[in-house]
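A.B. asks: Sequence:
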Amino acid sequence: MNQPARFLIVQTAFIGDVILATSLVEKLHFHFPDATIDFLLRKGNEGLLKNNPHVNDVLIWDKKNGKYRDLLRLIRLIRSRRYDKVINLQRFGATGLLTALSGAEETVGFEKNPFSRFFTHRIEHRIAPDVHEINRNTELVSWFTNHTALKPRLYPSPGDFERVKPYQTQPYICLAPTSVWFTKQYPEEKWMDFLRQIPPSLTVYLLGAPSDSEAAERIRQGVGSERVVNLSGKLSFLESAALMKGAQMNYVNDSAPLHLATAVNAPTTAIFCSTIPQFGFGPLADDSQRIEIEEMLDCRPCGLHGRKTCPLGHFQCAYGIRTEQLIQRLPR
Numbered sequence: 000m001n002q003p004a005r006f007l008i009v010q011t012a013f014i015g016d017v018i019l020a021t022s023l024v025e026k027l028h029f030h031f032p033d034a035t036i037d038f039l040l041r042k043g044n045e046g047l048l049k050n051n052p053h054v055n056d057v058l059i060w061d062k063k064n065g066k067y068r069d070l071l072r073l074i075r076l077i078r079s080r081r082y083d084k085v086i087n088l089q090r091f092g093a094t095g096l097l098t099a100l101s102g103a104e105e106t107v108g109f110e111k112n113p114f115s116r117f118f119t120h121r122i123e124h125r126i127a128p129d130v131h132e133i134n135r136n137t138e139l140v141s142w143f144t145n146h147t148a149l150k151p152r153l154y155p156s157p158g159d160f161e162r163v164k165p166y167q168t169q170p171y172i173c174l175a176p177t178s179v180w181f182t183k184q185y186p187e188e189k190w191m192d193f194l195r196q197i198p199p200s201l202t203v204y205l206l207g208a209p210s211d212s213e214a215a216e217r218i219r220q221g222v223g224s225e226r227v228v229n230l231s232g233k234l235s236f237l238e239s240a241a242l243m244k245g246a247q248m249n250y251v252n253d254s255a256p257l258h259l260a261t262a263v264n265a266p267t268t269a270i271f272c273s274t275i276p277q278f279g280f281g282p283l284a285d286d287s288q289r290i291e292i293e294e295m296l297d298c299r300p301c302g303l304h305g306r307k308t309c310p311l312g313h314f315q316c317a318y319g320i321r322t323e324q325l326i327q328r329l330p331r
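Numbers 0 to 331, taken from numbering that gives the first Met the number 0, label the letters of the sequence shown in order.
These are computed hints drawn from the structure, not numbers from a lab.
Treat the hints with care, as some may be off.
[What the hints assert, rightly or not] Calculated cross-link-like contacts (lysine-lysine; reagent style BS3-like; alpha-carbon spacing at most 25 Å):
{"id": "1", "residue 1": "K307", "residue 2": "K63"}
{"id": "2", "residue 1": "K183", "residue 2": "K164"}
{"id": "3", "residue 1": "K164", "residue 2": "K233"}
{"id": "4", "residue 1": "K164", "residue 2": "K49"}
{"id": "5", "residue 1": "K189", "residue 2": "K307"}
{"id": "6", "residue 1": "K62", "residue 2": "K307"}
{"id": "7", "residue 1": "K189", "residue 2": "K164"}
{"id": "8", "residue 1": "K111", "residue 2": "K66"}
{"id": "9", "residue 1": "K233", "residue 2": "K42"}
{"id": "10", "residue 1": "K183", "residue 2": "K233"}
{"id": "11", "residue 1": "K111", "residue 2": "K62"}
{"id": "12", "residue 1": "K150", "residue 2": "K189"}
{"id": "13", "residue 1": "K49", "residue 2": "K62"}
{"id": "14", "residue 1": "K233", "residue 2": "K63"}
{"id": "15", "residue 1": "K49", "residue 2": "K233"}
[Unchecked claim] Computed Cβ-Cβ distance ranges for the label pairs, DEER-style:
{"id": "16", "residue 1": "E294", "residue 2": "T119", "range": "30 to 40 Å"}
{"id": "17", "residue 1": "R72", "residue 2": "I326", "range": "31 to 41 Å"}
{"id": "18", "residue 1": "D297", "residue 2": "D192", "range": "22 to 32 Å"}
{"id": "19", "residue 1": "T144", "residue 2": "D192", "range": "17 to 27 Å"}
Here a beta-carbon is modelled for each residue, glycine too, at the ideal position from N, C-alpha and C.
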């Protein structure tokens, strides 16, 4: 009698990457409902997978304290579990080494990984228009499933929804104003201009990590309205997702909150400044729209990822977006 399959998904990058990787959790569960699915991620992101009914165990890599010592611990643990398949979504050496040494019956990853020669299956990593990240990730498992990508999904608990209920007594929108990268971040003064023009019936909740609180507070004070509430650092990942799910609209940058909204199918308006949706990280919610500058800029995109400053000093890809483009996405 065949034993249920044992899978390990490896994605130790950032918040948005882990959220998008849940597409594979959904897909593996769909094709192998009795399988054991474990997930390896970096310390700090484990809250994203809390309550996920399809994830058996979350393995945590502490990258900040004894990074390589902890990697060796994980390799020993993973080898002891004898996975049927280890699926590595990353293209960096450390997770490639872990995958190669996993002892799994089959290993798969992108051919750009420096250790991919030791994988049993290597897949091309392709960036092209209309190829979303979930499609790229799906190719890693298409050889034993199919090419259909399923949407990412997070599972806020009843408790998460209960904790945000006090904020839901009247119609509201959520706005996540920041990004790790300056050129992915819609400018604070542009956010303020938008918020000054929204209907007085709408409350605005500013979302983000504790490190975003200062920027969000500047926006709140700049708008000078009691309708704008700074919740940065006050909600967990899943509480934020629960709040976004009930919003009239969610305004986000090309950053992690975009994918939080996608994973609970919340209405999304995603603003792309220096990066472009064609890189494969656009919104996937049923009610979603991408906002970009309407004129062509020779300098855009200026790179695959965001930058700390605009290389040309003008940041026209952000300042050229009209406030009216955002207002048009407000509920009527």
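A.B. asks: Among all the numbered hints in the text so far, which are the ones the structure does not match?
C.D. replies: 2, 7, 12, 16, 17, 19
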